[in-house]
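Novice: Sequence:
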Amino acid sequence: MSSIRRTRSDSMRGAVGVTGVFINYRNSDEPYVAVLIDRLLAERLGPDNVFRASRSNTPGRDFRDQILGRLKECTVLIAVIGESWLDTRDAEGARRLWQPEDWVRREIQLAFTEGLRVIPVYVTGAPAPQAEQLPPDIEQLAHQHGVRLHHRSADTDLDRLAAVVERWVPDLRLDVLLERPPAAPPLGLPSALLRPEHQVVPFEEPTGRRGLKILLDWSEGAASASVLLLTGGAGQGKSRLAREVCERLRSEKWTAGLIAPGAPPSVLERIHGLVRPTLLVFDAAESRQEELSAAFTALARRPGSAPPVRLLLLARSGGDWLNRIQVDDDRAADLHGRVKTVSLSAPDLEQAARKREFARAMDAFATRLNIVLPAVPPPAPAPQAFESPLDLHGAALESVLDLNGGRVNGSSGARPDVFGRLLDLERGYWRRTAEAFQLAPADPGRFDQTAAAATLFGAADHTEAVRTLGALPAFRGAEGWTVEKYIGWAQSMYQGPAALNALRPRRLGEVQAAQVVIRYPDFLECLRSVSDTQAVRALTVLGRAIARDRRVEGCIAAALRTEPGRLAPLALDATLALEEPAAFVTEIAATLRDAEPAVLERALAALPQRSVVLAELAADITRWARTAHRARADGDPRKAALLARRFAGRHSSLGAHLEEALAAAEEAVGLYSSLSTTDPALLPELAEAQAVLALLLSDTGRHPEALAAGAAAVERYSALPPSTDRRHTAGLATALNNQAIRAGQHGDPVTALAHARQAVRLTGTLVEANRPAHLSLRADALDTLATLTTDLQEALEVGAQALSLREELATARPDAYEPQLAATSYNLALLSARAGRPTDARELAAAALVHYERVTERHPGRFEKELARVRQWLDRPNPTKGSAEQ
1 MSSIRRTRSD SMRGAVGVTG VFINYRNSDE PYVAVLIDRL LAERLGPDNV FRASRSNTPG
61 RDFRDQILGR LKECTVLIAV IGESWLDTRD AEGARRLWQP EDWVRREIQL AFTEGLRVIP
121 VYVTGAPAPQ AEQLPPDIEQ LAHQHGVRLH HRSADTDLDR LAAVVERWVP DLRLDVLLER
181 PPAAPPLGLP SALLRPEHQV VPFEEPTGRR GLKILLDWSE GAASASVLLL TGGAGQGKSR
241 LAREVCERLR SEKWTAGLIA PGAPPSVLER IHGLVRPTLL VFDAAESRQE ELSAAFTALA
301 RRPGSAPPVR LLLLARSGGD WLNRIQVDDD RAADLHGRVK TVSLSAPDLE QAARKREFAR
361 AMDAFATRLN IVLPAVPPPA PAPQAFESPL DLHGAALESV LDLNGGRVNG SSGARPDVFG
421 RLLDLERGYW RRTAEAFQLA PADPGRFDQT AAAATLFGAA DHTEAVRTLG ALPAFRGAEG
481 WTVEKYIGWA QSMYQGPAAL NALRPRRLGE VQAAQVVIRY PDFLECLRSV SDTQAVRALT
541 VLGRAIARDR RVEGCIAAAL RTEPGRLAPL ALDATLALEE PAAFVTEIAA TLRDAEPAVL
601 ERALAALPQR SVVLAELAAD ITRWARTAHR ARADGDPRKA ALLARRFAGR HSSLGAHLEE
661 ALAAAEEAVG LYSSLSTTDP ALLPELAEAQ AVLALLLSDT GRHPEALAAG AAAVERYSAL
721 PPSTDRRHTA GLATALNNQA IRAGQHGDPV TALAHARQAV RLTGTLVEAN RPAHLSLRAD
781 ALDTLATLTT DLQEALEVGA QALSLREELA TARPDAYEPQ LAATSYNLAL LSARAGRPTD
841 ARELAAAALV HYERVTERHP GRFEKELARV RQWLDRPNPT KGSAEQ
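Residue 1 is where the sequence shown starts when you use this note's numbering, and the numbers rise one by one after that.
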């Protein structure tokens with residue numbers, strides 16, 4: 001580790017070795033109070049962070065060394081003072097407090113010497129000692145502000161004491177939220193052997209990856225506060241890498257760990273006062289927006305001179321969910337806008353490396369299971385079977401279990417996929433536990449549905465667990481004690497902070513959920529009985545499951561139709577966390593296609609203002625809602641204008657139904673023009689409608705009219721007062737950028753360049769305020785300026801900036817932003833050719849070709865023209881000319 005971190009730590013008492021609270025008390029003076037304080041603080045701060053000698057000392061070691069050693073490590077000493085504290089005497093009648101070897105005195109004296117916060121606690125009627133009543137080396141105690149604790153108000157007084165302690169040691173209040181070290185996994189439970197927290201296979205980064213170095217370098221950076229998003233597909237090793245980083249940092253005296261799901265925002269707010277270097281990891285960050293909102297807000301409040309605090313977000317992809325994290329002030333928005341993204345791509349292992357990793361994993365699993373491997377182990381799986389490190393480890397575990405005759409958990413069956421076979425082994429273990437949990441004879445349906453419910457819905461507390469399991473088909477009509485036993489079984493199998501914890505690794509849980517949904521058609525009816533939070537979680541898991549197992553198709557739509565007004569909007573929310581949402585979006589569309597108008601209105605309200613993932617579905621929902629509204633005789637003109645504008649805008653961005661969209665845009669402009677004469681609050685909507693109309697006029701070849709409509713939109717936006725959400729500024733920047741393109745295409749380069757430069761200035765301000773929300777618009781503006789400027793050097797510099805932003809966006813969301821990255825790469829290639837840089841030009845064009853090939857593979861037919869253009873350019877013998885294309 002670097003010397004930067006050690007220098008920072010060594011310079012600060014409190015940045016290193018701050019491990020908790022020391023309770024000072026006398027066994028002959030109200031000792032029960034020390035026990036009460038110990039129990040309360042141990043519950044709130046963690047037992048390892050509270051020292052009370054009679055509980056915390058380790059037998060067989062010198063108690064003097066333990067007491068003095070731990071005292072020097074603490075931040076706060078609580079001195080329990082009862083009525084006899086001052087006057088307690090030894091056998092000879094001498095007051096103990098005045099004897100140098102008295103431990104109560106020695107501990108308080110050392111606390112003052114070491115600079116600890118000393119909090120006297122006066123029990124019942126105990127008086128506060130005067131300075132002259134104390135030995136000189138602890139007379140400072142008489143001047144310490146204390147807390148009174150009376151037996152009649154003990155609960156309130158203890159809570160007040162805890163609040164005082166937490167104010168001085170905010171790190172410890174946060175530490176209790178970190179995931180606890182896991183218990184050893186059950187010997188025969190396959191899923192436990194694959195879970196990253198058990199670290200059965202020692203950490204080793206795949207060849208070519210630099211994730212560990214990147215994260216450690218980021219952690220030790222100079223900034224006081226920083227946030228990084230680590231993305232990667234299922235099983236790519238995000239959690240395992242994060243845990244390794246935490247271990248490395250803890251060895252350097254950092255507080256580091258994964259924040260347990262469901263962390264209260266009131267506790268996360270304490271991040272601003274942390275006094276130690278800290279790394280906080282949020283796994284499955286896409287489903288934890290409320291927690292992240294509190295964390296961002298608190299982190300932004302840290303002074304620049306404070307020790308570093310880092311938030312590491314783990315997610316399968318970036319995108320819309322990140323933009324929806326709510327922040328309340330400019331500092332938090334600035335921090336949110338500077339989130340760095342690192343993508344953990346699938347390692348491209350050669351056969352030798354794959355064989356070595358497979359053998360390494362087999363050896364680790366065999367050692368844990370006490371199974372002897374043969375001299376010639378099974379071969380590594382074929383390359384096409386290796387999508388992630390988890391796939392390879394799963395195959396290795398299955399091979400080890402097969403070597404034991406598949407009898408560690410039961411027969412493995414004959415499924416074609418690794419995770420299906422591992423689940424068969426998992427179910428074998430469930431059956432073997434039935435008798436131990438008084439569940440014999442084993443009921444496969446109840447085991448299956450309990451595990452699936454824990455994965456899909458979870459349960460924050462016992463009451464929610466009882467309600468959730470009681471709603472499952474397998475438990476209809478069951479006695480309450482039966483549900484209780486299965487809850488106890490699930491808690492034993494899948495330990496964690498909640499009352500019901502998911503089967504992990506998550507990939508295995510998703511396979512289990514899919515199989516149960518397919519096997520029990522009425523299982524998802526319980527969505528009507530769970531909370532909104534549980535429903536969103538379940539729909540997210542199902543959205544990931546359907547991407548891998550299309551047999552789930554139809555099951556989700558059928559479940560959503562049971563309560564579409566509530567569940568369809570929740571499904572839209574879940575979509576934003578999916579890395580492959582196409583199949584799930586199809587299920588939502590099937591639910592809403594023939595829905596009642598009220599359901600469509602709720603779905604429209606739930607749609608984000610902008611979303612690449614939901615673009616086509618948003619257009620469809622808007623069409624259906626608009627059709628329903630127009631069929632009403634008493635339709636609201638405001639709603640008609642809104643639906644017309646959204647219909648036009650969404651179809652313009654898709655390039656579909658353009659003539660129909662143009663008519664809708666004209667309708668929206670007419671309605672808003674009329675409505676805004678009596679309600680000026682609708683002028684921003686009129687400006688947006690005029691901007692959309694200009695786009696559609698261009699799209700349909702009516703260029704003079706498009707220029708006029710675009711100019712009207714720019715004028716209208718320019719006249720609007722600044723908005724707190726910067727929506728007007730973003731609208732003006734967009735209108736200017738589009739008008740610059742139109743003016744450039746139709747022979748007015750002066751106006752075009754002026755508009756482009758103004759759009760670049762505005763987007764620079766927007767990105768400073770909220771980077772994730774406006775980064776794509778900033779890249780658009782830079783692209784346009786690079787196309788229009790006559791200064792070739794400026795064009796190259798601005799184009800390079802645009803390319804950098806496109807790469808950042810496409811790293812987090814390749815499906816959404818890789819087409820723009822390809823276009824920008826090609827534009828910069830043409831500019832480089834004009835500047836006489838053929839090598840740069842060919843490299844950029846080759847990169848554009850790779851990107852277009854990838855997006856064409858994902859979207860057949862969508863980018864064939866662009867792909868052909870790049871290929872044709874690369875086929876030229878020595879391309880040295882070209883013009884950038886917008």
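Honestly, the hints are just simulated from the structure, not real lab data.
One or more of the hints may lead you astray.
[Stated by the list, open to error] Below 20 Å or equal to it, Euclidean Cα-Cα: the simulated SDA-like pairs (lysine to any residue) are: (1) K72 with S28; (2) K355 with T367; (3) K340 with D363; (4) K639 with A583; (5) K213 with L228; (6) K340 with R356; (7) K485 with N501; (8) K72 with F112; (9) K340 with H629; (10) K340 with L777; (11) K639 with E685; (12) K485 with D402; (13) K639 with T677; (14) K72 with K253; (15) K72 with Y32; (16) K72 with P127; (17) K213 with L344; (18) K639 with P597; (19) K865 with E601; (20) K72 with D157; (21) K72 with D48; (22) K72 with K213; (23) K485 with T562; (24) K485 with R431; (25) K355 with A589; (26) K865 with L654; (27) K485 with R528; (28) K213 with K340; (29) K355 with R106; (30) K72 with P202; (31) K355 with K340; (32) K485 with D532; (33) K72 with P100; (34) K213 with D155; (35) K485 with A471; (36) K485 with T463; (37) K639 with G655.
[To be verified] The following label-pair restraints were derived from C-beta to C-beta distances: (38) A631 with T562: 47 to 53 Å; (39) Q199 with E525: 50 to 56 Å; (40) S251 with P303: 22 to 28 Å.
Keep in mind it's a predicted model, so treat the numbers as computed, not measured.
Virtual Cβ for every residue (Gly too), placed ideally from N, Cα, C.
Novice: Now tell me if each hint is right for this structure.
Specialist: Here is how each hint holds up against the structure:
no., hint, result
1, K72 with S28, "25 Å, violated"
2, K355 with T367, "18 Å, holds"
3, K340 with D363, "37 Å, violated"
4, K639 with A583, "31 Å, violated"
5, K213 with L228, "14 Å, holds"
6, K340 with R356, "33 Å, violated"
7, K485 with N501, "15 Å, holds"
8, K72 with F112, "10 Å, holds"
9, K340 with H629, "43 Å, violated"
10, K340 with L777, "18 Å, holds"
11, K639 with E685, "12 Å, holds"
12, K485 with D402, "31 Å, violated"
13, K639 with T677, "17 Å, holds"
14, K72 with K253, "15 Å, holds"
15, K72 with Y32, "25 Å, violated"
16, K72 with P127, "28 Å, violated"
17, K213 with L344, "13 Å, holds"
18, K639 with P597, "13 Å, holds"
19, K865 with E601, "38 Å, violated"
20, K72 with D157, "27 Å, violated"
21, K72 with D48, "15 Å, holds"
22, K72 with K213, "33 Å, violated"
23, K485 with T562, "30 Å, violated"
24, K485 with R431, "14 Å, holds"
25, K355 with A589, "44 Å, violated"
26, K865 with L654, "17 Å, holds"
27, K485 with R528, "24 Å, violated"
28, K213 with K340, "15 Å, holds"
29, K355 with R106, "62 Å, violated"
30, K72 with P202, "35 Å, violated"
31, K355 with K340, "34 Å, violated"
32, K485 with D532, "26 Å, violated"
33, K72 with P100, "19 Å, holds"
34, K213 with D155, "48 Å, violated"
35, K485 with A471, "15 Å, holds"
36, K485 with T463, "14 Å, holds"
37, K639 with G655, "24 Å, violated"
38, A631 with T562: 47 to 53 Å, "26 Å, violated"
39, Q199 with E525: 50 to 56 Å, "39 Å, violated"
40, S251 with P303: 22 to 28 Å, "27 Å, holds"
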